[in-house]
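Student: Produce the entire structure from the sequences given, and follow the hints as far as they go.
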Amino acid sequence: MLNDFLILMKSEWVITLTIFLLLFIKIGKGMKNESLLSLVQILLLLNTVTAFFYNKEGSLFDGMFYTSELIAFQKGILSLGVYLISLVCADWLKKSQHLPEFFILMLSALLGMFLMISSGNLLLFYLSLELATIPVAAMCNFDINKKVSSEAAMKMILSSAFSSGILLFGISLVYGTTGTIQFDAITQLLDGSNLQILAFVFLFTAFAFKLSIVPFHFWTADVYEGSPIATTSFLSVISKGSVAFIFITTLYKVFQPMQGVWYNMLVILAVITMLLGNLFALRQQNIKRFLAFSSIAQVGFILVGISSNRPDGLTAVVFFVLVYIFSNLAAFGVASAITEKTGQENIDDYKGLYKTNPFLCWIMALALFSLAGIPPTAGFFGKLFLITAGAARAAYWFIGIAALNMIISLYYYLRVVRAMFMDKNENPIEKIKFSRSVSFGLIICAAGIVFVGLFSWIYQYIQSLIL
Amino acid sequence: MSINMNLLLLLLLPLLTAVAILLAGKTAQVKWIALAGSAVQLVLAFVLLFVYNQQRAGGDTEPMLFQQFYNWFPAWRIGFHIGVDGISVAMLLLTAFVVIAGVLMSWNVQKMTKEFYFLLILLSLGAYGFFISLDLFVLFFFLEIAVIPKYLLIGIWGSGKKEYSANKLALLLMGGSALVLVGMLGLYFSAGQGRSFDLIQLSNINIPVSAQLIVFPLLFVGFGVFTALFPFHTWVPDGHSSAPTAGSMFLAGISMKLGGYGCLRVATYLLPEGAKQYADIIIVFSAIAILYGAFATMMQQDLKYINAYSSVSHCGFVLLGIGMLTKTAITGAVIQMVSHGVMTALFFAVIGIIYERTHTRQVKEMGGLMKVMPFTTTVLFIVGLCSLGLPGLSGFVAEMTIFMGSWENADMFHRVATVVACMSIVVTAVYILRAIGNVAMGPIKNEAFLQIKDAAWNEKLAAIILVAGILAIGIAPAWLNDLIRPAAEIIMQKVGSK
Numbered sequence: 001m002l003n004d005f006l007i008l009m010k011s012e013w014v015i016t017l018t019i020f021l022l023l024f025i026k027i028g029k030g031m032k033n034e035s036l037l038s039l040v041q042i043l044l045l046l047n048t049v050t051a052f053f054y055n056k057e058g059s060l061f062d063g064m065f066y067t068s069e070l071i072a073f074q075k076g077i078l079s080l081g082v083y084l085i086s087l088v089c090a091d092w093l094k095k096s097q098h099l100p101e102f103f104i105l106m107l108s109a110l111l112g113m114f115l116m117i118s119s120g121n122l123l124l125f126y127l128s129l130e131l132a133t134i135p136v137a138a139m140c141n142f143d144i145n146k147k148v149s150s151e152a153a154m155k156m157i158l159s160s161a162f163s164s165g166i167l168l169f170g171i172s173l174v175y176g177t178t179g180t181i182q183f184d185a186i187t188q189l190l191d192g193s194n195l196q197i198l199a200f201v202f203l204f205t206a207f208a209f210k211l212s213i214v215p216f217h218f219w220t221a222d223v224y225e226g227s228p229i230a231t232t233s234f235l236s237v238i239s240k241g242s243v244a245f246i247f248i249t250t251l252y253k254v255f256q257p258m259q260g261v262w263y264n265m266l267v268i269l270a271v272i273t274m275l276l277g278n279l280f281a282l283r284q285q286n287i288k289r290f291l292a293f294s295s296i297a298q299v300g301f302i303l304v305g306i307s308s309n310r311p312d313g314l315t316a317v318v319f320f321v322l323v324y325i326f327s328n329l330a331a332f333g334v335a336s337a338i339t340e341k342t343g344q345e346n347i348d349d350y351k352g353l354y355k356t357n358p359f360l361c362w363i364m365a366l367a368l369f370s371l372a373g374i375p376p377t378a379g380f381f382g383k384l385f386l387i388t389a390g391a392a393r394a395a396y397w398f399i400g401i402a403a404l405n406m407i408i409s410l411y412y413y414l415r416v417v418r419a420m421f422m423d424k425n426e427n428p429i430e431k432i433k434f435s436r437s438v439s440f441g442l443i444i445c446a447a448g449i450v451f452v453g454l455f456s457w458i459y460q461y462i463q464s465l466i467l
Numbered sequence: 001m002s003i004n005m006n007l008l009l010l011l012l013l014p015l016l017t018a019v020a021i022l023l024a025g026k027t028a029q030v031k032w033i034a035l036a037g038s039a040v041q042l043v044l045a046f047v048l049l050f051v052y053n054q055q056r057a058g059g060d061t062e063p064m065l066f067q068q069f070y071n072w073f074p075a076w077r078i079g080f081h082i083g084v085d086g087i088s089v090a091m092l093l094l095t096a097f098v099v100i101a102g103v104l105m106s107w108n109v110q111k112m113t114k115e116f117y118f119l120l121i122l123l124s125l126g127a128y129g130f131f132i133s134l135d136l137f138v139l140f141f142f143l144e145i146a147v148i149p150k151y152l153l154i155g156i157w158g159s160g161k162k163e164y165s166a167n168k169l170a171l172l173l174m175g176g177s178a179l180v181l182v183g184m185l186g187l188y189f190s191a192g193q194g195r196s197f198d199l200i201q202l203s204n205i206n207i208p209v210s211a212q213l214i215v216f217p218l219l220f221v222g223f224g225v226f227t228a229l230f231p232f233h234t235w236v237p238d239g240h241s242s243a244p245t246a247g248s249m250f251l252a253g254i255s256m257k258l259g260g261y262g263c264l265r266v267a268t269y270l271l272p273e274g275a276k277q278y279a280d281i282i283i284v285f286s287a288i289a290i291l292y293g294a295f296a297t298m299m300q301q302d303l304k305y306i307n308a309y310s311s312v313s314h315c316g317f318v319l320l321g322i323g324m325l326t327k328t329a330i331t332g333a334v335i336q337m338v339s340h341g342v343m344t345a346l347f348f349a350v351i352g353i354i355y356e357r358t359h360t361r362q363v364k365e366m367g368g369l370m371k372v373m374p375f376t377t378t379v380l381f382i383v384g385l386c387s388l389g390l391p392g393l394s395g396f397v398a399e400m401t402i403f404m405g406s407w408e409n410a411d412m413f414h415r416v417a418t419v420v421a422c423m424s425i426v427v428t429a430v431y432i433l434r435a436i437g438n439v440a441m442g443p444i445k446n447e448a449f450l451q452i453k454d455a456a457w458n459e460k461l462a463a464i465i466l467v468a469g470i471l472a473i474g475i476a477p478a479w480l481n482d483l484i485r486p487a488a489e490i491i492m493q494k495v496g497s498k
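Going line by line, the protein sequences match chains A and B.
Quick note: the first sequence uses the working numbering, first residue 1, plus one each step.
Quick note: the second sequence uses the working numbering, first residue 1, plus one each step.
Read the hints as simulated data drawn from the structure, not as lab findings.
The beta-carbon is built from N, C-alpha and C at its ideal position, and this holds for glycine as well.
There could be a bad hint or two in this list.
To give a feel for the contact side, a few chain A residues facing chain B, derived at Cβ under 7 Å [unchecked claim]:
| hint | residue |
| --- | --- |
| 1 | A161 |
| 2 | G165 |
| 3 | I374 |
| 4 | P375 |
| 5 | I399 |
| 6 | A403 |
| 7 | M406 |
| 8 | I407 |
| 9 | Y411 |
| 10 | F421 |
| 11 | N425 |
| 12 | S456 |
Tutor: Structure representation (structure tokens):
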């Protein structure tokens with residue numbers, strides 16, 4: 001029993017211990033930022049590595065906490081993402097006056113996400129969702145001298161409170177109609193009554209808020225723009241990824257009997273999310289806003305994959321999130337390095353960057369091609385599998401729209417490439433120096449972008465976890 | 001006795017070349033590495049031709065030779081399946097010719113030389129992979145690999161309104177591949193229980209006619225965008241004219257052929273019923289492209305635009321040949337692809353040589369270049385005459401074969417279309433002779449031209465290699481015909497059997 005308790009929850013334990021360690025360091029004498037950062041990086045790496053080993057299926061607390069090899073793998077992906085953030089944003093983190101607090105908040109949010117994707121009933125789900133959200137709002141405020149940062153935090157907390165309210169209402173309706181909050185018990189008691197459909201719509205809305213699915217995306221761009229890049233990348237990658245994981249479990253397992261309802265919702269939302277995300281991204285000048293809208297469009301693609309309602313769809317989504325972590329963190333990493341040294345965030349500022357910073361430009365180009373889904377990058381495989389999974393059920397027009405969106409998105413990703421490589425600029429941003437951990441993190445991301453797709457065993461491994 | 005040939009070498013070599021280029025230290029090294037890599041690749045292509053012919057002579061009637069299969073994504077039944085037939089061998093040979101000529105023509109690129117050669121080799125890798133793949137997914141993978149190098153080559157090293165052209169090209173080609181993607185998935189899912197991305201397996205399955213009617217236009221138009229199918233040809237003039245010399249050579253010589261090959265290998269071969277149904281529409285549009293391209297060329301003053309619009313016209317012949325659906329016409333279409341590839345690459349090379357010295361591409365500003373650069377203008381004559389279809393050069397062989405194949409269809413519609421297409425030859429003669437005459441003959445219009453030196457060794461070598469290609473097809477077409485015809489027969493058997 002105790003063994004189970006330790007092993008099944010090992011990722012959670014590692015995170016909790018790290019949080020406490022940081023707390024003690026903060027209360028005690030404190031450390032220099034640089035050594036503290038290295039320590040945290042090592043702990044995060046440890047956490048990532050342990051997440052991939054000794055995993056087994058099992059549940060704790062009467063089914064409240066459930067884990068399997070797939071869920072452990074998902075936790076591993078998220079840990080990897082956090083580790084990469086600590087690398088690529090190292091230069092910004094080093095300067096922060098409150099480094100331990102930042103990591104305490106980020107790890108608390110991560111802990112919340114771990115519990116969320118492991119949750120077996122609505123209560124733990126709600127609690128962990130809150131745990132995953134509220135620290136992030138505080139993280140948004142970490143550019144303490146900037147007004148926009150506070151504004152972002154305010155928007156984040158208000159919109160999450162609003163979506164939590166909706167979620168709670170949905171949960172209460174589910175409980176009212178089925179009399180239980182256990183996931184597996186709910187499934188058997190679903191009869192498709194109108195009240196249950198209403199309850200489902202509320203739950204769905206809460207997910208849509210977190211995933212910033214159109215038309216629940218309004219908070220996204222402002223929050224992304226105002227927050228420091230470390231937070232933005234955490235929000236756009238880790239937070240999105242974890243919610244996508246629990247979302248797909250909820251749909252495929254808990255609400256499987258209502259698939260007729262959610263299939264149509266998904267298809268319609270996927271179409272408008274892709275289209276609007278892409279169309280708004282076309283006109284953005286600020287690189288963070290630009291990536292915000294691009295991430296909205298990417299979520300649209302994830303929905304295409306989810307709509308397949310088959311194990312293929314689940315595999316494709318998990319694989320895509322893995323790919324997305326590498327691609328998006330590479331893009332954010334480059335943006336972070338540039339913003340950190342020069343304070344410039346506009347795409348126009350990137351003009352002529354290739355002359356002075358070829359390394360950053362290639363990484364950025366690779367990341368953007370991966371986001372656009374161009375081979376041989378992993379993004380190509382990720383998107384293609386999502387579309388193929390979605391196509392298994394849907395009509396041609398649906399795949400057609402997805403393909404059309406790939407063209408639109410290529411246009412705006414190429415805009416950045418064009419600014420960096422082609423546009424002439426008399427005074428481009430000067431040569432940027434960044435620390436070793438940043439370049440290490442960017443190289444890991446680049447390697448991930450190039451190899452995760454080509455080496456098909458990664459995809460097969462994910463699939464073997466599901467079947 | 002069977003000799004085997006490892007087709008993976010064709011991919012490995014460009015890959016190694018590309019990596020070596022990245023690792024190389026000096027600019028001079030980069031050039032030589034690229035040249036060595038493409039020279040070995042050319043030798044390899046000839047070895048492949050030889051081994052392939054040996055194998056066929058030995059009585060091997062398997063449609064695809066030297067097949068290799070590796071599981072890639074078994075969950076989706078995607079395998080890394082490669083193999084060649086006569087058509088692929090011809091296209092690989094063409095690619096190797098154009099690549100080495102392109103590398104030679106870029107000898108003087110000063111700006112970011114390393115990146116330039118890296119992208120050039122990457123582009124060739126996409127083409128080699130495309131022509132040997134026997135799996136739709138792999139085919140699509142290689143088709144798209146080539147898009148970004150094209151974009152960057154035009155956008156960074158191009159001239160004129162290069163950013164606009166690069167964007168236009170990337171987006172239109174991406175649109176083409178999006179159609180291919182949708183068509184490919186449609187094909188995959190309409191294959192029922194035997195669903196697969198494998199070309200050989202799909203060719204053994206009878207796809208329902210209703211599905212063929214939907215999927216065929218998607219695939220054909222999708223690939224058609226790459227090969228300047230009217231009205232999606234608009235990227236061709238802008239893209240070619242803005243690209244650097246080697247870029248234009250690759251675009252017109254190799255990249256446009258990807259589309260023709262795809263139309264034939266994927267759309268027509270796998271969806272014969274669809275091909276029959278839509279053949280007339282294809283013929284109408286390709287006839288329009290042939291005539292429209294020819295007349296549009298008449299109006300051009302810029303040498304690159306002249307060749308780009310004439311490419312639209314010439315590639316129209318490829319699609320016309322496919323639309324005629326006879327063995328001879330399809331053989332002709334493939335010969336036209338090879339011939340046009342070599343010819344147009346040579347044309348762009350010559351334009352590049354002239355432009356580098358005169359700094360103009362306007363026909364009206366030139367004149368009398370024969371006096372100062374005899375070698376270059378001689379090559380210009382050869383390529384011009386090839387373009388207008390002079391017997392003894394490759395253009396004649398290709399167009400003649402297509403017309404003969406077209407004439408095999410005895411009805412009024414096909415006859416009219418053939419005659420209309422034939423008329424373009426007259427127009428071609430007008431614009432080619434006028435352009436060449438203005439450039440090469442007459443008095444020298446600009447005194448600065450008197451200082452011009454003739455082509456350098458690398459340019460001469462590139463031109464000689466390509467002229468050799470034109471003559472090899474033009475004087476002795478039988479080897480190419482014998483190489484392609486059996487493969488065309490296999491495709492036509494599939495179309496005719498139902």
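Student: Each hint should be assessed against the structure and marked as holding or not.
Tutor: How the hints compare with the structure:
1. A161: 41 Å, violated
2. G165: Violated: closest Cβ of chain B sits about 41 Å from G165 of chain A, beyond 7 Å.
3. I374: Given a least distance of 6 Å, the restraint on I374 of chain A holds.
4. P375: 5 Å, holds
5. I399: 5 Å, holds
6. A403: 4 Å, holds
7. M406: 6 Å, holds
8. I407: I407 of chain A check passes; min Cβ-Cβ to chain B is 5 Å, inside 7 Å.
9. Y411: 6 Å, holds
10. F421: 6 Å, holds
11. N425: With a minimum Cβ separation of about 14 Å from chain B (threshold 7 Å), the hint on N425 of chain A is violated.
12. S456: 5 Å, holds
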